[in-house]
Amino acid sequence: MEKRKLNRRDFLRLSAGAATGAALAACAPAAPQIIEVEKEVPVKEVVVETVVVEKEVAVEKEVKVPAPAERVKLLFWTYSVPGGEDLNEQRVESLHEEHPEIEVESQMTGWSEYHLKLETGMAAGVMPDVFKLDWNIVPRFAYRGIPLLLSPFMDRDNIDLSRYSKGAIDSGRWDPKGVVTGTGPLWGWAYMTDISLIYYNKDMFRAEGLSYPSPDWTWDDFLEAAIRLTKDTTGDGKIDQWGTWVLPGMQIDRPWCIWGPGGRLISEDHKKATFNSPEAIEGVRWMVEMVTKHKVSPVPGPTEVDPFQSGRVAIHPAGIWMIKAYHDVKEFEWDITMIPKHPKTGIQAGPIDSATWAISSVSKHQDAAWEFVKDLCSAKGMEILSRVRFKVVPMAEVNEKCFFTFPEVPPGGKSLAKALEVARPNPCWVGRQEVWGRSVGPEIEKALRGEKTVEEACEAANVELQKSLDEAWKLSEI
Amino acid sequence: MDGTKQAQQPAPRRKHLFKASILEAMTAYLFLAPVIIGLLVWTLGPILGSLYLSFTEWDLLSPPKWVGLSQYVELFHDSVFRVALLNTLYYVAGVAPGVVVVSLLLAVVMNQKLKGTVILRSIYFAPSVTSMAAIAMLWSWIYEPSFGILNFLLEMLHLPAQPWLVDTRTALPSIMIMSIWRGVGYDMVIFLAGLQGIPQVYYEAAAIDGASTWQRFRHVTLPLLSPTTFFVLVLAVIGSLQVFQQAYVMTRGGPALSTTTLVYYLYRNGFEWFKMGKASSIAWVSFVLIAIASFIQFRTQRRWVHYE
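One line per chain: the protein sequences are A and B, in this order. Numbering-wise (the numbering used here), the first sequence opens with residue 249 and increments by one. Numbering-wise (the numbering used here), the second sequence opens with residue 52 and increments by one.
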């Protein structure tokens with residue numbers, strides 16, 4: 249009998265064929281689905297004819313009658329934060345007051361994985377109905393058609409945006425032809441703003457006999473205080489108390505150091521990068537020299553240790569989200585105030601980076617999602633957020649009622665009302681995050697370590713910023 | 052099954068498939084099938100997919116756009132890629148020989164019949180089975196310039212404190228030191244096995260001939276250990292070309308890109324900036340580098356590896 253020597257090859261061929269078949273089957277497009285769309289139908293009914301069957305009935309309606317309230321389930325994605333479950337529960341309860349038929353399933357993801365989850369979700373076709381869209385992601389997502397345009401819904405329901413801080417709302421605006429956020433139709437509705445401010449260690453100021461920072465402080469006052477407060481407290485020849493802690497992410501990426509002297513990241517027509525303008529260089533230099541020349545700040549390192557929280561830094565420029573974290577600090581007294589104003593221009597503007605709520609364009613329940621977003625961004629919804637998470641919201645009236653009255657917010661918090669007024673949107677375009685991570689950030693790090701002069705660093709960063717802008721403009725022409 | 056019986060009958064009408072040896076073979080392949088199919092679908096398939104993607108621009112959402120070789124050309128013009136490539140080569144040049152030398156020395160010491168070697172072996176081995184993320188976090192604290200234990204010890208010895216991870220010149224060497232520390236235990240165990248495979252007769256003969264300890268090491272141990280050394284070196288080079296976790300956990304590629312490695316740059320392009328095509332091309336460049344390094348090593352082994 250003949251021996252079948254081709255056994256193995258046949259088998260391998262068979263399994264390769266099976267694998268290819270399985271792969272093809274998996275890649276086959278899904279059968280087209282029939283999507284049911286709920287539509288609101290305004291109904292105006294006046295029955296004039298009396299139909300006599302058993303009773304006389306006269307019905308007159310002149311009200312927009314929604315389609316019969318079918319139970320709808322929305323998928324809601326957001327960051328996982330302390331107190332997040334409680335927060336989302338309260339949000340859903342608030343929604344149920346007017347829309348008990350809308351169920352919400354909320355899923356929270358850690359901050360670092362959130363955007364990856366959104367993008368892979370979109371690629372896989374699993375998108376949440378309502379999700380958190382940060383200011384710096386708006387162009388990238390809007391460009392790819394991920395969020396739904398909110399402007400038509402706003403117009404339809406006559407939403408009055410004047411009650412909201414304009415800068416915050418504009419963070420969610422992006423015009424594909426204008427390339428940069430701040431103008432154009434609305435893709436996300438701002439519900440939470442981050443303001444830049446400075447934290448300061450009151451004990452250190454008192455010990456030195458210095459008056460506390462105030463909203464009238466200038467850049468010169470800041471530097472002077474930082475110099476006075478940098479000292480070697482233990483006498484071992486090493487500085488263990490620093491005047492400040494320089495953070496390029498807080499001072500250049502959130503560009504109040506650029507705006508102060510009158511500089512801009514990009515020109516007004518959004519076509520030219522202006523990171524190498526004399527004003528921008530002045531701002532970067534002020535920050536860099538705190539490390540290189542005045543030595544009032546340690547070189548910012550990669551470790552997670554917060555030297556302000558451990559009582560080693562006197563003045564700490566950061567954002568509003570640290571209030572809750574520092575609330576537990578008992579070792580020293582601290583307070584907050586506005587970022588200092590530039591001594592010559594008087595500019596005290598910080599960025600009003602906002603988080604927004606967006607609806608996904610592939611959501612099957614767009615109207616229900618809109619109702620949820622409306623509720624989340626209403627005064628009621630914002631109050632819930634403010635109370636649970638100590639947040640400043642883009643609605644002055646809610647802040648008056650909530651944030652500025654919380655006992656956990658130190659007395660200096662009152663000054664933030666002015667900070668909100670003068671804050672500007674931080675310009676964002678497709679690719680801004682990347683150019684910051686690849687080029688601008690590393691160039692500033694080199695300047696901070698004295699490896700490059702500030703001019704060289706700003707020039708090199710500007711070249712990359714310009715390239716990034718040009719690419720974004722090229723995309724807009726597609 | 053009585054296939055055997057039937058095979059002995061004259062003029063068999065049954066098909067060959069029922070022959071016993073073929074049945075056995077079929078059973079074997081059936082058991083292997085899940086792994087092979089898994090390998091084809093989830094490993095080989097994606098590898099080929101990645102090769103295709105490396106010639107495209109793809110952001111996960113829109114369909115991949117073919118750009119061909121220009122992807123690779125642009126990659127080599129990318130200054131950050133060049134920095135990542137140099138950082139990685141520098142890392143390999145330091146870590147691969149470093150691990151081999153240190154683990155060899157450790158193995159020689161641990162091979163002595165001294166008290167406590169068994170416990171010490173376990174202690175040295177422990178880091179290589181500990182999660183790299185945990186180790187990286189720990190060493191971030193050890194390297195902390197202001198109150199990390201390393202600078203504390205240096206100052207106690209009246210030596211200058213180092214900036215470690217904070218300075219662009221010391222950040223990558225700091226990571227390299229940590230990597231060597233971590234990898235040494237595993238390779239030490241491999242070297243120990245190799246050492247114990249050397250027959251004692253050679254040492255006795257050398258001792259009789261009047262060889263010193265060093266001469267015994269140089270002329271008996273090293274040559275007879277060379278197959279093991281080769282194995283460890285090849286693995287060390289391949290492993291260190293793929294360094295990622297240290298850069299990700301400890302320094303995020305900084306400061307000023309000084310610890311950005313090839314795989315870390317791949318990660319940023321793919322998962323932070325959603326440039327999947329570019330990330331794939333970096334992966335394939337990495338693959339080619341590993342292939343070249345391994346090829347060179349295998350070709351040159353004739354000169355210094357002595358198989359018995």
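A hint or two may mislead.
Once the Cα atoms are required to be at most 27 Å apart in a straight line, the calculated DSS-like pairs of lysine-lysine come out as [claimed, not checked]: (1) A:K414 with A:K541; (2) A:K365 with B:K116; (3) A:K612 with A:K414; (4) A:K572 with A:K321; (5) A:K715 with B:K164; (6) A:K612 with A:K628; (7) A:K722 with A:K425; (8) B:K116 with A:K425; (9) A:K520 with A:K425; (10) B:K164 with A:K722; (11) A:K649 with A:K666; (12) A:K450 with A:K722.
Label-pair ranges, simulated between beta-carbon atoms [stated by the list, open to error]: (13) A:D484 with B:R303: 29 to 39 Å; (14) A:D718 with B:V152: 24 to 34 Å; (15) B:W117 with A:K519: 21 to 31 Å; (16) A:S328 with B:V152: 40 to 50 Å.
Source of the hints: derived by calculation from the structure; they are not laboratory data. Treat the numbers as computed from the prediction; the structure is a model and nothing was measured. Backbone N, C-alpha and C fix where the C-beta goes; we use that ideal spot for every residue, glycine too.
Each hint, compared with the structure:
1. A:K414 with A:K541: Violated, at about 39 Å.
2. A:K365 with B:K116: 23 Å, holds
3. A:K612 with A:K414: Measuring from Cα to Cα gives roughly 30 Å; hence the hint is violated.
4. A:K572 with A:K321: 33 Å, violated
5. A:K715 with B:K164: 65 Å, violated
6. A:K612 with A:K628: Roughly 26 Å separates the two Cα atoms, so the pair holds.
7. A:K722 with A:K425: Holds. A:K722 to A:K425 sits at ~10 Å (cutoff 27 Å).
8. B:K116 with A:K425: With Cα atoms ~22 Å apart, B:K116 and A:K425 stay inside 27 Å; holds.
9. A:K520 with A:K425: 15 Å, holds
10. B:K164 with A:K722: Judged against 27 Å, a Cα distance of about 71 Å means the pair is violated.
11. A:K649 with A:K666: 16 Å, holds
12. A:K450 with A:K722: 51 Å, violated
13. A:D484 with B:R303: 29 to 39 Å: 31 Å, holds
14. A:D718 with B:V152: 24 to 34 Å: Violated: the Cβ-Cβ distance is about 50 Å, outside 24 to 34 Å.
15. B:W117 with A:K519: 21 to 31 Å: Between B:W117 and A:K519, where Cβ atoms are some 30 Å apart, the hint holds.
16. A:S328 with B:V152: 40 to 50 Å: 45 Å, holds
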